[in-house]
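Protein chains in written order, with the working numbering: chain A, 1 to 308; chain B, 1 to 308.
Possibly wrong hints are sitting among the right ones.
Note: identical chains are not told apart, hence a pair may lie in one copy or across any two.
[Claimed, not checked] Subject to a maximum C-alpha distance of 25 Å in a straight line, what follows is the list of computed BS3-like cross-link-like pairs (lysine-lysine):
#1 LYS163 / LYS20
#2 LYS114 / LYS250
#3 LYS34 / LYS228
#4 LYS254 / LYS163
#5 LYS162 / LYS182
#6 LYS254 / LYS95
#7 LYS20 / LYS95
Just so you know, these hints were derived from the structure itself, not from any lab.
Protein chains: 2
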Amino acid sequence: MKKPQRISGVLSPVVTPFRKDLAPDAARFVRHCKWLLANGCSGLAVFGTNSEANSMSVAEKLELLEALVAGGVPAAALMPGTGHCALSDSVAMTKRAVELGCGGVLMLPPFYYKGVSDEGLYRNFAEVIERVADDRLRLYLYHIPPVSQVPITLALIERLLKKYSGIVAGAKDSSGDWSNTKAMLDAFATDGFDVFAGSEVFLLDNMRHGGKGCITATGNVNPGPIDKVYRNWQAANADELQAGITATRKIVQKVPMIPALKAIIAHFGNDPQWRTVRPPLVELERAQEEGLIAELRAAGFGMPGLAA
Amino acid sequence: MKKPQRISGVLSPVVTPFRKDLAPDAARFVRHCKWLLANGCSGLAVFGTNSEANSMSVAEKLELLEALVAGGVPAAALMPGTGHCALSDSVAMTKRAVELGCGGVLMLPPFYYKGVSDEGLYRNFAEVIERVADDRLRLYLYHIPPVSQVPITLALIERLLKKYSGIVAGAKDSSGDWSNTKAMLDAFATDGFDVFAGSEVFLLDNMRHGGKGCITATGNVNPGPIDKVYRNWQAANADELQAGITATRKIVQKVPMIPALKAIIAHFGNDPQWRTVRPPLVELERAQEEGLIAELRAAGFGMPGLAA
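The whole structure should be built from the sequences, with the hints applied where relevant.
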């Protein structure tokens with residue numbers, strides 16, 4: 001049997017729409033996921049940091065995941081976040097993701113305790129893999145120390161790869177530190193370990209050093225131009241294309257990222273309900289949003305076909 | 001109707017026993033809770049940091065909570081941790097705790113996102129209170145910035161007390177910073193806001209400034225002597241009693257706290273299964289445990305009646 005192809009390219013950690021009562025809104029979610037796949041994303045890292053994944057229960061997330069698959073989003077393009085503080089939650093969600101045929105899962109380390117050992121983190125990932133016990137599992141490690149405060153070290157990756165080669169399929173590096181991404185690439189990229197930059201700012205660098213793409217917040221709103229860098233990284237104008245997406249990113253990240261993404265979708269999709277976030281996040285202030293939109297418009301930014 | 005009495009005194013954040021397969025062990029849990037109540041604890045802050053609460057799913061915790069009540073542990077003495085990253089989880093668990101008659105709940109802020117605003121945290125706690133919608137709720141705020149990285153500020157407490165006086169009943173301060181505990185006491189102790197020190201090291205100071213006791217890791221193993229300080233804080237020998245429990249604490253915290261508590265219970269209760277922790281934690285190394293036990297024995301430490 002031919003091995004299924006690994007996910008590569010531009011993935012969006014899809015923002016999660018909430019209704020007025022803060023319940024997840026499956027219909028809007030499916031719609032946005034389809035727009036993303038039609039406009040540059042080759043994969044969807046649903047339930048990431050930008051998805052407010054940890055602000056939802058496992059049951060709420062599984063319901064959304066089932067809705068995506070039932071709604072016609074190809075499971076092979078999905079890389080849901082399934083890492084939780086609780087081993088039991090990580091196992092339950094990973095198992096269901098694999099059953100549904102998801103192309104991979106993006107796994108946070110347990111993030112409540114700080115200063116834990118690589119041994120403890122190894123045991124966490126190993127327990128999940130052993131309990132899911134399914135050769136179809138493709139596990140991507142999620143390194144995001146600015147938020148999780150619990151890093152995925154190179155030594156941990158090495159140990160996991162040694163035991164679970166083929167299952168441990170790669171990582172998303174959201175450290176914001178290119179030297180760390182570079183070290184991951186240098187150490188493991190030739191071993192079938194697929195490294196995704198955690199921001200499109202590092203997309204071209206990542207491709208030039210053997211990476212497989214990026215999983216980036218702004219993939220939610222700017223997937224086309226980011227995908228263009230991915231597809232043309234060897235082209236003569238690659239640096240110019242990269243400069244364009246970096247400039248857009250810099251506009252967006254002047255304000256808090258998650259409410260900013262939601263405000264952009266609300267604005268360009270003409271759908272105010274998208275502005276809703278769950279606590280502890282808060283939506284942008286009106287002036288922040290107006291400034292953001294004005295600056296994006298001035299830069300020629302758009303979201304073609306988003307408005308119904 | 002007379003208002004039920006508030007919990008005060010020494011509370012233990014009860015360590016959670018796991019079986020070989022890492023499943024929570026309800027029978028051992030009930031047994032240890034009963035030993036604690038019979039040996040100095042006036043309340044049980046089950047599902048705290050030292051309980052590996054966040055390493056368990058909501059379903060696993062609710063099953064343990066039901067087992068405690070069914071097993072004859074008085075619900076009025078229980079202050080389960082019910083704060084999660086996900087609003088939906090916090091609501092579900094808090095609701096069930098109130099239905100079961102728990103004396104209070106100890107609530108972590110959502111702890112995945114860092115640098116969140118007081119406005120966002122206020123909305124989180126307010127949503128939980130509004131959704132639980134039960135006057136019997138007694139909510140204790142859990143300030144533990146070294147682990148959660150998300151502080152509960154005095155301004156947040158003030159705002160919550162203004163709107164939810166009587167429901168917002170107090171706090172556990174695990175900052176390790178007495179000046180913060182003192183500031184909480186000075187600002188709110190006379191308003192029916194019950195402050196518990198997060199370590200017995202501060203118990204006497206807390207009592208002398210209007211606090212209500214402590215919720216402390218080592219309450220799991222040393223409840224009698226800690227309770228003695230609580231009951232005798234106005235006695236002439238209070239400082240001497242305090243020095244004794246501080247000395248014991250200092251022995252225990254030379255090694256990682258949670259596996260240390262479990263090793264002590266395993267040793268003095270002659271029950272090796274107690275050593276098991278869930279990832280990402282790891283048990284003590286043999287030399288660490290032997291050193292710890294030797295030092296405790298030399299200091300005259302014991303756990304009367306623990307061994308079956």
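Okay, the hints, checked on the actual structure:
1. In this homomeric assembly, LYS163 and LYS20 come within 25 Å of each other (Cα to Cα) only across copies, at 22 Å, whereas the closest approach inside a single copy is 46 Å.
2. In this homomeric assembly, LYS114 and LYS250 come within 25 Å of each other (Cα to Cα) only across copies, at 21 Å, whereas the closest approach inside a single copy is 30 Å.
3. In this homomeric assembly, LYS34 and LYS228 come within 25 Å of each other (Cα to Cα) only inside a single copy, at 18 Å, whereas the closest approach across copies is 64 Å.
4. With identical chains, the CA atoms of LYS254 and LYS163 are never at most 25 Å apart, being 42 Å at best within one copy and 33 Å at best between copies.
5. Proximity of LYS162 and LYS182 under a CA criterion of 25 Å is satisfied intra-copy only: 20 Å inside one chain copy versus 51 Å between copies.
6. Proximity of LYS254 and LYS95 under a CA criterion of 25 Å is satisfied in neither setting, with 38 Å inside one chain copy and 39 Å between copies.
7. Taking CA atoms no more than 25 Å apart as the test, LYS20 paired with LYS95 passes between copies only; the shortest distance there is 21 Å, against 31 Å inside one copy.
Hints 4 and 6, counting from the list given before, are not met by this structure.
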